[in-house]
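**Student:** Sequence:
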Amino acid sequence: MSPVFLVLLLVPLAYCDEHDHVYTDGEEVVLWMNTIGPYRNRQETYPFYSLPLCRGPKQSIEHAHETLGEALLGIELQYSGIDIRFKVNVTKTPVCTLKVDDGVYASLQNAIANQYWYQMYMDDLPIWSVLGESAGRAETYIWTHKDFTVEYNGNQIIKVVLMNTDLVPVHVGSPISFTYQVTWIPSSVPFEDRFNHYLDFDFFEHKIHWFSIFNSFMMVLFLVGLVSMILLRTLRRDYARYNKEDGLSDLDRELGDEYGWKQVHGDVFRQPAYPGLLASVIGSGAHLAIVSCVVLLLAVTNRLYTERGGFMSTAIFVFAASAPINGMVGGSLYAQMSGKKWIRQFLLGSTLLPILTFAAAFLVNLVAVYYQTSRSIPFLTMLAVVAILLFVIVPLNLVGTVLGRNLCGQANYPCRINSVPRPIPEKKWFMEPGFLILVTGMLPFGSIFIELYFIFTSFWAYKIYFVFGFTLLVLLLLMAVCSSVSAVGTYFLLNSEDYRWQWTSFMSGASISIYAYLYSAYYFIFKTKMNGFFQTSFFFVYMGLFCMYLGVLCGSVAYLAASRFVRKIYSTVKVD
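Numbering-wise, the sequence shown is residues -16 to -1, 1 to 560 according to mature numbering (1 follows the signal peptide of the UniProt record, and there is no 0).
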C-alpha cells in the first residue's frame, strides 16, 4: 500500500463528517450516551452502561468511531434508546424501570458519593449532567427525570438544555422509574454560532489573559532589543580587537593576551558528541514546530473544537503528512556533521518521538485496562497508529532524508576544522554549560506559563479551549525568546573558549520542559482535586509527554538559531 494512498485515507479522518446536521420534521434525533466518571477526575471515565443503568425501549444502534481522534480520546458512544423526533414535543414519558438489588445499590451509592457526572451527545452537541445527590452515608438520591429543551433554527438544531428533576432515594428492593420529556423552541441563532453557548468567554478572554499576551510580547521586544544591542556592541568591539591583532606581527600576537570566541574557530564546527541523536532530535523538533503552527492555524480558521476528536485527528494527519520535514532537517544536519550511518539516523529520527509516545501510552493503557475505563485504547486503534507510522511516516521521512542529504548536505563552514581538538580552559562556574542551560530555560518558560494555566484548565477541567489564536501567538513569541536566549548563551559559552555549543544550545531551549513539568506538578497539587492512582498516573505520564514535546520543539528552535548565529559571527571575521 503506497504512502500517498494512506495519507489520502487519513483525510476523511480529519475533516469528514457523516452527519449534515439537517433534519426533516419528525426525523429521529439520536441521543447518544457517552461516558460517566468522577467529576474531580475528568480522564477517569467509564462507558455509561458499565453502571447498572437501564436503556430506553427503542432498538439499539451501534456507533463506530468516526475518527481516530475519537478512539484515542476514549469517546464511547452508546445508544440511549430514548425516542426523540425533530420538532415533536414529548410529554413526560417512561424510559425504563431499574430493579435495585444489593449490587445495583452498591454501584449507584459509590457513583453518586464520588459525584459521577456523565456526558451525552445530541446532534454532536455535548450535554453534561450529574447522576444524583448524596446526603452523607445515610441517604443516596438519583435524578430520574430528564427534561430536554431543544432550540432549532429552520431544520437545524442550535441548542440543547437538560434540566434534571424528580430526585428519588435509592433503596434495595425499591424499583426506580426513569422518565423524559422534550420541548422544541425556535431560535434565531445561526447554526455557525451554536457552539458559542459552550464557550467561556469571560474565562479565556479575561483581561489577565490579554495582559499576559501583552506582557509576553513586550518581554520579547525588550529581550530581542537587548540581545541585539549587547551582541552588536560586544561583537563590534571583538571585531575591532581581532582586526587590530591581525595587523600585528606573529611575535607581538604571541606576546599579546589573546582570548575570546575567535580562539576556537578551528573547533567550533567540530562534530559534536552523538551526532546522529542530535540530528534526530533537531529534525523532530523542527517537525513539531511546523505541525504546531499548521494545526493551530487550522484550529483558528476551522473551529476544530466543534467536532468530537477533531483537533486530535487533524494533528495526527498533519504530523503524518509533514513527516518529510523531519527527514530533511535531520538528514541534512547529519550530512553536514559528516555522519556516515545515515540509515541509522533516519530510522532514529522517524521513530524516536512515536516510540516514546507509544511507550507512555502503553503504560497508561495498562492502568486503564486494569480499571476498565473508556480511556483504554482499542487494539484495532493501536494497529491503525502503527500502520500510519510504518506506511506513512517512515517512508515520507525517508524521502525527506534523501532530499535533505542531497540538497542541503554540504556543510560550507566559514572556518576549517583543526585536526587536533583544542583543550577547553577552566572557566567560572556561571559559564559552565549546565548553569547556562538551566538559566536560559527560565525566560522561555516565563513567556508561556500563564498560557499553560489556561491550556491545563481546558484539558484537565470542564472547559472547551477555543482561543487558538492566543496559543499561536504565544508559540511564535516563545520561539523568538528561545532564539534570543540561545544566541546569548552561545556567545557566552564561545567567549569562554568552550566550543561545545551544539548540545548546549539545544538543551538551553529544551530545559523549558523542566520548568513546565514542575509547574504541572504545582497545578496538580494546588489547582485541582484529582485523586486516585489512574488519574494521577494519567496526569503525570501525559504531562511528561507534553513537556518532552515542548522541550524538543524549543530545543530545536534554540539550536537552529544558535547555528545561524555562530555561522554569522565566524563568517565576518578573518580567522586565517
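Bear in mind the hints are in silico, worked out from the structure with no lab data behind them.
Among the hints, erroneous ones may be present.
No farther apart than 20 Å at their CA atoms in a straight line, the calculated lysine-lysine pairs in the PhoX-like style are these [as the list claims (entries may be wrong)]: (1) K552 - K447; (2) K42 - K76; (3) K447 - K191; (4) K71 - K42; (5) K143 - K447; (6) K513 - K447; (7) K71 - K143.
**Student:** Each of the hints needs a verdict: does it hold here or not?
**Tutor:** Each hint, compared with the structure:
1. K552 - K447: Violated - the C-alpha atoms of K447 and K552 are around 46 Å apart, more than 20 Å.
2. K42 - K76: Within the cut-off at roughly 16 Å; holds.
3. K447 - K191: Holds. K447 to K191 sits at ~18 Å (cutoff 20 Å).
4. K71 - K42: Since the Cα atoms of K71 and K42 sit roughly 19 Å apart, the hinted pair holds (cutoff 20 Å).
5. K143 - K447: holds (17 Å)
6. K513 - K447: Holds, because 16 Å separates the two Cα atoms, which is no more than 20 Å.
7. K71 - K143: Holds, because 13 Å separates the two Cα atoms, which is no more than 20 Å.
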